[in-house]
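Order-wise, the sequence lines are chains A and B. Under our numbering, the first residue of the first sequence is numbered 1, with each subsequent residue one higher. Under our numbering, the first residue of the second sequence is numbered 1, with each subsequent residue one higher.
Any given hint could be a false lead.
Copies of the same chain look alike in the list, so a pair counts if it works inside one copy or between any two.
The calculated EDC-like cross-link candidates involving lysine to aspartate or glutamate, where the alpha carbons are at most 16 Å apart (straight line), are [claimed, not checked]:
(1) K387 <-> D398
(2) K343 <-> E175
(3) K192 <-> D272
(4) K16 <-> E359
(5) K9 <-> D126
These are computed hints drawn from the structure, not numbers from a lab.
Number of protein chains: 2
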Amino acid sequence: MRQSQLFSKTERNAPKDEATINAQLLARAGFVSKLMAGAYSYLPLGLRVLNNIENIVREEMNAVGGQEILMPIIHPKSIWATTGGWDKIDVLFKIKSRTEKEYALGQSEEEVVTPLVMKYVNTYKDLPRAVYQINWKFRDELRSKSGLLRGVEFLMKDMYSFHETQADFERFYAEVKKAYFRVYERMGLVAKATEASGGAFTQKVSYEFMVLTDAGEDDILYCDVCDFCVNAEIAKEKEGGQCTRCGKGTLAKARASEVGNVFDLGQKFAKDFDVTYTDKEGKKQHPIMGCFGIGISRAMGVVVEKFHDEKGIIWPEAVAPFRVHLLALGGADGAHIYDSLQKAGVQVLYDDREMSAGEKFAEADLIGIPWRIVVSPKVGDGKVEVKRRTEKEPRIMDVKEALELIKK
Amino acid sequence: MRQSQLFSKTERNAPKDEATINAQLLARAGFVSKLMAGAYSYLPLGLRVLNNIENIVREEMNAVGGQEILMPIIHPKSIWATTGGWDKIDVLFKIKSRTEKEYALGQSEEEVVTPLVMKYVNTYKDLPRAVYQINWKFRDELRSKSGLLRGVEFLMKDMYSFHETQADFERFYAEVKKAYFRVYERMGLVAKATEASGGAFTQKVSYEFMVLTDAGEDDILYCDVCDFCVNAEIAKEKEGGQCTRCGKGTLAKARASEVGNVFDLGQKFAKDFDVTYTDKEGKKQHPIMGCFGIGISRAMGVVVEKFHDEKGIIWPEAVAPFRVHLLALGGADGAHIYDSLQKAGVQVLYDDREMSAGEKFAEADLIGIPWRIVVSPKVGDGKVEVKRRTEKEPRIMDVKEALELIKK
């Protein structure tokens with residue numbers, strides 16, 4: 001894309017009403033624009049990042065056999081009354097129509113997915129099943145001051161699984177856990193699976209996937225030797241104590257941000273809607289269910305919290321809006337390199353505007369695309385300056401050499 | 001995809017509460033499932049169709065220079081109060097939070113997009129601009145009985161353009177009109193551009209894109225010679241009369257369904273939000289705006305209304321959930337053909353279930369995938385039966401020949 005065509009622009013100063021790094025940098029660099037606390041518009045650059053994260057999650061959910069669907073955002077009151085959520089869930093947005101019909105906005109979709117999937121599950125042969133959607137969710141939050149980390153409106157992948165037995169849920173959870181770690185690794189994040197409390201409806205332990213970051217909203221205790229990790233809220237252990245799992249490591253405390261969660265739903269929702277399948281003995285049974293979430297827009301915020309410096313964002317390759325930022329300086333024409341890269345299937349943002357080198361460099365650092373290529377009279381004919389966003393000094397090389405390097 | 005893994009199933013009978021062909025067939029064939037009047041879940045087959053339509057629209061909007069963004073669904077009351085929509089638009093869903101904050105659900109997004117785009121438009125050099133999104137919209141409808149044709153929740157592409165002059169809006173409208181006809185043509189639809197009334201906020205004429213179908217909710221008058229077409233609601237002409245444009249043709253009346261619309265917004269929204277740019281003379285000016293909509297989920301319903309027979313849906317190639325439906329009968333193994341097609345990049349639904357030939361044929365006709373390939377002991381080794389959904393009789397041919405035919 002030619003930057004002269006891009007309608008968003010960067011801003012020198014961070015918005016005064018944003019307290020977090022992710023909101024400040026994403027707004028300054030033109031990725032998002034705030035409509036109100038907790039609700040952002042995604043501009044062309046931001047939408048590209050969101051789509052990249054979405055596609056990573058989609059690929060990994062498909063790989064564990066998840067079937068993608070899309071459920072409504074607006075729900076009839078009746079289904080939320082059936083599960084007790086209408087009265088018990090304080091973040092549930094409620095709507096009254098002009099004819100006094102009542103609706104809720106989806107904040108999780110067990111109420112929709114349980115009758116939906118079980119409509120097609122007749123016998124044990126139809127189990128297990130896993131379906132997921134990637135769709136906007138809504139929460140009536142009292143405070144939304146963390147940019148993309150806590151939205152009134154946020155994009156989430158929510159997968160729901162249906163099983164004959166608890167053991168089969170555990171088997172599937174182990175598979176999804178591996179898929180989740182692949183998702184975070186691809187985004188450049190290191191996540192820890194922690195135990196947490198089970199939420200409103202279950203006494204069972206739930207699992208949270210946490211990324212260490214000072215912008216986080218939770219405290220976790222984690223072992224410096226094994227992979228033991230627990231939300232400090234429910235931990236019996238203490239900071240500096242010995243790990244209760246491996247007996248070797250010491251427990252450290254850290255601020256962390258949730259990037260995924262798993263709920264063992266048991267038979268709660270199947271019983272509420274009284275949906276059953278016929279087991280091998282011909283008896284009616286309620287399925288065991290699991291819920292597996294990943295906050296897509298939240299993950300975008302977490303990535304920015306983790307990867308930035310004083311100049312701007314440093315996007316990991318897999319989620320970056322473009323792979324290359326091509327800068328034409330001093331009246332140089334970069335069109336041929338732009339064309340070559342595009343023909344090679346490389347995503348390029350081509351800064352073809354008339355602006356000073358200093359301004360262009362500052363913008364490129366703020367936007368944070370992984371590779372920067374500069375064409376200018378100073379560098380010379382047939383040569384370009386190449387720099388990764390993570391490097392301090394550029395290298396001068398032949399155009400051909402640069403193209404080979406970038407395509408790798 | 002292996003059909004044995006698909007969690008949705010077909011149903012013999014149409015749901016009793018659905019009056020339209022699109023809702024009946026899409027529910028029976030397992031494309032959608034109704035949550036409540038006007039709100040449907042999209043199952044794996046249905047989501048594939050929706051994504052195909054979405055991508056056709058996206059490509060054509062990008063081709064006219066539209067920049068894709070994504071705006072929030074939930075809006076603060078203040079922006080709707082600014083334009084008068086809060087009180088005047090009866091289909092606007094309103095929400096009160098638990099702390100008595102008031103919100104609206106997006107039913108069109110002029111209120112969000114006008115300040116958003118104009119934040120980045122300083123001078124005439126930044127114009128024209130066109131941005132669009134593909135997102136769910138909400139309307140507090142009194143009645144929703146037309147399946148995907150009139151939803152409480154529906155997927156829409158809404159593009160907004162910003163211009164210096166009325167002439168520039170007209171130029172862009174002419175471009176988008178061509179893009180719209182390409183969109184409909186790619187979906188297999190023939191649309192007519194009609195004049196209609198301008199809606200709540202303007203005295204100006206608007207443009208509707210209509211597809212002739214008995215399931216439509218509008219009457220149009222159209223010339224049998226030239227491309228003159230007008231919504232009967234505002235027509236001065238009468239059925240059987242002479243065409244007022246070409247003077248040659250006769251006007252016919254037909255039932256039609258709206259699949260797109262264009263509003264000439266003038267300066268209404270720019271004035272409401274008092275957003276301006278600096279013109280060549282250094283004066284502050286309000287831009288001229290246009291709004292260009294295409295109902296994505298509605299188009300899916302219209303396609304089914306147009307393309308079906310007594311056995312089921314007949315998907316046009318470009319929007320079909322899969323290109324090939326591969327049926328293994330009588331214990332035959334179609335895995336090698338399934339693999340060959342997938343390797344060739346052909347989207348295949350492989351019916352690997354143990355069911356009678358009659359049941360499989362009936363399901364294939366109901367689901368409506370363009371090509372059907374049958375492997376069975378009856379057809380013989382190395383041979384397959386090939387039939388298009390639109391053909392009555394299958395042809396028997398070598399596997400290799402069939403693959404060549406399909407790949408074209």
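Item to complete: If the cutoff is 16 Å on CA atoms, where do K192 and D272 land: within, between, both or neither? Let me know, please.
Response: neither (33 Å within a copy, 49 Å between copies)
Worksheet item: Between copies, within a copy, both or neither: which fits K387 and D398 at Cα up to 16 Å?
Response: For K387 and D398, only the intra-copy Cα distance (13 Å) is at most 16 Å; the inter-copy one is 55 Å.
Worksheet entry | Alpha-carbon proximity between K9 and D126, which holds within one copy, between copies, both or neither at 16 Å | So K9 and D126 pass the 16 Å test across copies only (11 Å; inside, 52 Å).
Discussion item. When Cα atoms must be at most 16 Å apart, do K16 and E359 count as within-copy, between-copy, both, or neither?
Written reply: Neither. Shortest intra-copy (22 Å) and inter-copy (65 Å) distances fail the 16 Å Cα cut-off.
Fill in: Same-copy or cross-copy closeness of K343 to E175 [CA-CA at most 16 Å]
Neither: 38 Å inside a chain and 27 Å across chains, both beyond 16 Å.
Of the numbered hints given earlier, the model fails hints 2, 3, 4; all others are met.
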